[in-house]
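**Student:** Listed in order, the protein sequences are those of chains A and B. Reminder that position 108 of the first sequence reads as 108 in my numbering, one-by-one numbering, no gaps. Start counting at 1 in the second sequence, then tack on 387, and there's your number in my numbering.
No lab work stands behind these hints, which were simulated from the structure alone. A hint or two may mislead.
What the hints assert, rightly or not - The calculated DSS-like cross-link candidates involving lysine-lysine, where the alpha carbons are at most 30 Å apart (straight line), are: (1) B:K521 / A:K334; (2) A:K15 / A:K99; (3) A:K336 / B:K604; (4) A:K334 / B:K604; (5) B:K425 / B:K721; (6) A:K334 / B:K402; (7) A:K54 / B:K425; (8) B:K441 / A:K54; (9) A:K54 / A:K336; (10) B:K521 / B:K441; (11) B:K604 / A:K54; (12) A:K134 / B:K721; (13) B:K521 / A:K99; (14) A:K118 / A:K99; (15) B:K425 / B:K604; (16) B:K505 / B:K486; (17) A:K54 / B:K521; (18) B:K402 / A:K336.
2 protein chains.
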Amino acid sequence: MVIPVFCTDQRTMPKFEYALTHTDGRARRGSLTTAHGKVETPVFMPVGTAATVKGMTSDAISATGADIILANTYHLMLRPGAERVNRLGGLHEFMDWRKPILTDSGGFQVMSLTDLRKLSDEGVEFRSHIDGAKFWLTPERSIEIQNYLGSTITMALDECTANGVDARSAANSMRLSMRWALRCRDAFEVRTGYGLFGIVQGSVYPDLRIESAAALKEIGFDGYAVGGLAVGEGQEAMFSVLDVTAPALPENRPRYLMGVGTPSDIVGAVRRGIDMFDCVLPTRSGRTGQAFTRRGTLNIRNARHAEDPRPLDADSDYPGVGQVSRAYLHHLFKAKEMLGPILLTMHNLHYYQDLMASIRGAIEMGSLDEFAAVFHEEQASGDIEQI
Amino acid sequence: MVIPVFCTDQRTMPKFEYALTHTDGRARRGSLTTAHGKVETPVFMPVGTAATVKGMTSDAISATGADIILANTYHLMLRPGAERVNRLGGLHEFMDWRKPILTDSGGFQVMSLTDLRKLSDEGVEFRSHIDGAKFWLTPERSIEIQNYLGSTITMALDECTANGVDARSAANSMRLSMRWALRCRDAFEVRTGYGLFGIVQGSVYPDLRIESAAALKEIGFDGYAVGGLAVGEGQEAMFSVLDVTAPALPENRPRYLMGVGTPSDIVGAVRRGIDMFDCVLPTRSGRTGQAFTRRGTLNIRNARHAEDPRPLDADSDYPGVGQVSRAYLHHLFKAKEMLGPILLTMHNLHYYQDLMASIRGAIEMGSLDEFAAVFHEEQASGDIEQI
C-alpha cells in the first residue's frame with residue numbers, strides 16, 4: 001500500500017523508544033528516541049500546520065529550542081497533497097526540517113473546519129475548506145497519508161468527542177474511535193524509528209476514559225495520547241480527566257496531551273504524568289501581539305507600550321528577540337509590519353521551550369512542586385507590565 | 388536645534404571618509420568609514436522603510452551580507468515620529484541595527500505618496516497618507532528629522548524632478564534643489580563619523596546635470612547622489628546621464644545612484660563610476676514571488692514549479708535558503724504563508740549582495756568588462772527555468 005519514504009538502512013536505525021529517567025510525584029522526565037533524533041520530555045511541539053511554523057525558517061525554529069514539531073494532516077492532504085509531498089521526498093525534506101515531526105490524523109480539523117460532513121463507521125466524507133472539493137478520510141487513508149508524509153509519529157484517526165455530550169453519546173463516540181484505532185494499527189506499516197500513537201477518548205467520564213485506555217493498551221501503541229480535552233471543559237475538568245487517565249496508561253510509553261495549552265495547563269498536566277504537548281497558542285497569540293513571559297502576558301498593541309524603551313522580557317536570554325524594546329514591537333504591530341508577528345512568534349516559542357527546560361530540570365532535581373509554586377506566583381503577579 | 392543621538396566619544400570616533408582603492412575603467416572599488424562601521428563599495432543598501440526590512444530580523448539582514456541599510460524619513464516622521472525615535476535612542480537602537488543607516492530626505496515620498504501638496508521655495512506642505520494629518524517638510528526640518536533618527540548618512544532635501552519635463556522646468560526644479568541643498572548644509576550639525584550627501588538633479592539635460600554637480604561641489608558635501616533617475620526614463624537615458632554626471636563629481640567622495648535598480652542597471656552604473664545603490668526591487672519582488680538569480684528571474688508562483696524538487700537557485704551558497712526546493716516555495720506562496728515572502732526576500736537580498744561582492748572582486752582584478760560580458764550572457768539566457 002505505502003511507499004517507504006526514507007531510504008536509511010533499517011538495520012542501523014535507532015528503535016522508537018521512550019526511556020523514563022526521573023520521576024517527581026507523578027511527573028516524568030524522559031527521552032524519546034526516533035528515526036529523526038532524540039527528544040527530551042516533557043516536550044512542547046510548535047505547530048507547523050501547512051508544512052511551516054508560520055513566519056519561521058527551519059533554523060529559527062531550532063533556535064527557539066524546539067526538537068520536534070507538529071504538522072496537520074488535514075491541511076497537507078488538501079494542499080499540496082500527501083502524494084505530492086511523498087514524491088518530493090517526504091515532509092522532512094519538503095520543509096527542510098530534519099528533526100522529528102508528529103502529524104495529527106486530520107480528524108479534528110475535518111470536524112472543526114469543514115461543512116457537509118458525513119460521519120459513519122467507515123469514516124468521514126467532507127468538503128475542502130479551500131475549494132469545496134469532496135474528500136474521504138478513513139482510518140486507513142489517514143495512516144496512508146501520514147506515511148506518505150513520512151511522519152516520525154503517526155496519530156490514529158479518532159473522533160474528537162465534543163464538550164458537553166452525555167455519557168451515552170460519549171461512549172458511542174469513544175467506541176467508534178477504538179474501532180478506528182484498531183484499523184489504524186493494522187494499516188500502519190511498522191518501520192524502525194517510527195511510532196504510532198493511539199488516542200484515549202471518553203469525554204469527562206472516568207469510566208469511559210479507563211475503558212478507552214484499556215482498549216488501546218490491548219491493541220498496543222508506541223505512545224498514548226489524551227484527546228478530547230481543551231475543547232471548552234475548563235482546566236479543572238481537564239485535570240480531573242488526567243488524574244484518572246494518566247495512571248491507566250503504560251509507564252514505558254510516552255503520553256501526549258493533544259492541543260494543550262497555556263503555560264499553566266502544561267505545568268498542571270506534567271504534574272499529572274503527561275510527557276508531550278502541542279498548541280497553537282504561542283504562535284497564534286504571537287501573531288496578534290500577545291507575548292508570554294514568566295511574569296504573565298503582555299499585549300504589545302496596547303498604547304502604553306508606544307514609548308517604552310524596556311525590553312519585551314528582561315528575563316529572556318534569547319539573543320536578538322527578548323531584548324528588543326517594547327516601543328519597537330509596538331511600532332511594528334501598528335505599522336502592520338511582518339517583523340512584529342515574526343519576533344513575537346520567536347519570543348513565545350522560546351518562552352515555551354524555556355518553560356519546558358525548566359520543568360525538566362525541576363523534575364530531575366525532585367523540586368517540581370517548588371517550581372510550580374513559584375511559577376504560579378510569578379504568572380499571577382502580572383508584573384510584566386511593571387518591570 | 389538638535390539633540391546628539393550617540394554619546395560615543397567624538398575624539399575617538401573614526402572620520403567619515405571614502406578611500407578609493409582600485410579603479411577599472413571608470414569603475415571604482417573603495418571603502419567608506421563611518422561612525423557605525425566600514426562599508427565596502429560598490430555597495431547595495433536594502434530598503435528598511437519603516438525601521439524594518441520587511442520580514443527580516445537584524446541578524447537575517449546581516450546574514451545576507453548587507454553592511455548598510457536605507458530607511459525612509461517620510462514614513463518614520465509620520466510613524467512612530469522622529470522625536471519619539473530620538474527619545475528611544477535613535478534609529479540604530481530602535482531597530483537593533485548597529486551598522487550604518489542612510490536615510491533619504493523624505494522629499495521623494497512626499498511627492499509620490501501624498502495628496503494636497505503645496506510646494507514653495509520654503510518647503511512643502513502635505514497631508515499624511517496614514518491619517519490625513521497636515522505636515523511641513525523644509526530643508527531644515529528634513530535635516531532635523533534625520534538628526535533625530537541618528538542617521539549615519541543624511542540626504543539633503545531635494546525635489547525629484549519628474550520624467551519628461553522640458554529643460555526650463557527641469558532647470559527651475561534643479562535650482563530649487565540647489566537652494567535647498569545650501570540650506571541643508573547650513574542646518575546639518577557636523578559630527579565625526581556622520582555624513583551629509585547632496586543630490587544632483589537636472590533631468591536628462593547634460594548642461595543642467597553639470598551645473599547641478601558644480602553647485603553642490605561649491606557647497607561641499609561628504610558624498611554626492613544622482614537623483615531623478617529610475618523614474619521612467621529608461622536604462623539608456625539613465626546611463627547617458629551617468630556618463631555626463633559621474634565625471635563631474637569629486638573623485639574622493641562616494642557617489643550614490645538613488646533608487647536603482649535591476650542587476651543590469653547596477654552593473655552598468657558601476658561601470659560609469661557609481662559606488663552606492665538602493666532599491667526596493669529585491670525585497671518587493673521577493674514578497675510577490677519573483678526570485679533573482681545569475682541566470683535570470685523566476686516567478687515561483689508559476690504552476691510549473693508545483694512539483695519541482697530542484698533548489699530555487701543551484702548557484703546560491705546561502706545556507707537554508709538557496710537550496711530550498713521550488714516546490715516548497717511554490718506551496719508557501721499558494722498557501723499565502725509568511726515564510727514564502729521571507730525566504731524569497733532573504734534569497735534576493737543575498738543575490739544582490741553576492742552580485743556586489745563579485746563586482747568588487749572584478750574591479751580589484753581589473754576584469755569588470757569580462758565580468759559584465761558573462762553577467763549579461765547568463766542573465767539573458769533565461770536558463771534558470773531549465774537548470
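**Student:** Now tell me, hint by hint, if it's right for this structure.
**Tutor:** How the hints compare with the structure:
{"no.": "1", "hint": "B:K521 / A:K334", "verdict": "holds (20 Å)"}
{"no.": "2", "hint": "A:K15 / A:K99", "verdict": "holds (15 Å)"}
{"no.": "3", "hint": "A:K336 / B:K604", "verdict": "violated (41 Å)"}
{"no.": "4", "hint": "A:K334 / B:K604", "verdict": "violated (42 Å)"}
{"no.": "5", "hint": "B:K425 / B:K721", "verdict": "violated (41 Å)"}
{"no.": "6", "hint": "A:K334 / B:K402", "verdict": "violated (37 Å)"}
{"no.": "7", "hint": "A:K54 / B:K425", "verdict": "violated (35 Å)"}
{"no.": "8", "hint": "B:K441 / A:K54", "verdict": "holds (15 Å)"}
{"no.": "9", "hint": "A:K54 / A:K336", "verdict": "holds (16 Å)"}
{"no.": "10", "hint": "B:K521 / B:K441", "verdict": "holds (27 Å)"}
{"no.": "11", "hint": "B:K604 / A:K54", "verdict": "violated (51 Å)"}
{"no.": "12", "hint": "A:K134 / B:K721", "verdict": "holds (20 Å)"}
{"no.": "13", "hint": "B:K521 / A:K99", "verdict": "violated (54 Å)"}
{"no.": "14", "hint": "A:K118 / A:K99", "verdict": "violated (36 Å)"}
{"no.": "15", "hint": "B:K425 / B:K604", "verdict": "holds (24 Å)"}
{"no.": "16", "hint": "B:K505 / B:K486", "verdict": "violated (36 Å)"}
{"no.": "17", "hint": "A:K54 / B:K521", "verdict": "violated (38 Å)"}
{"no.": "18", "hint": "B:K402 / A:K336", "verdict": "violated (38 Å)"}
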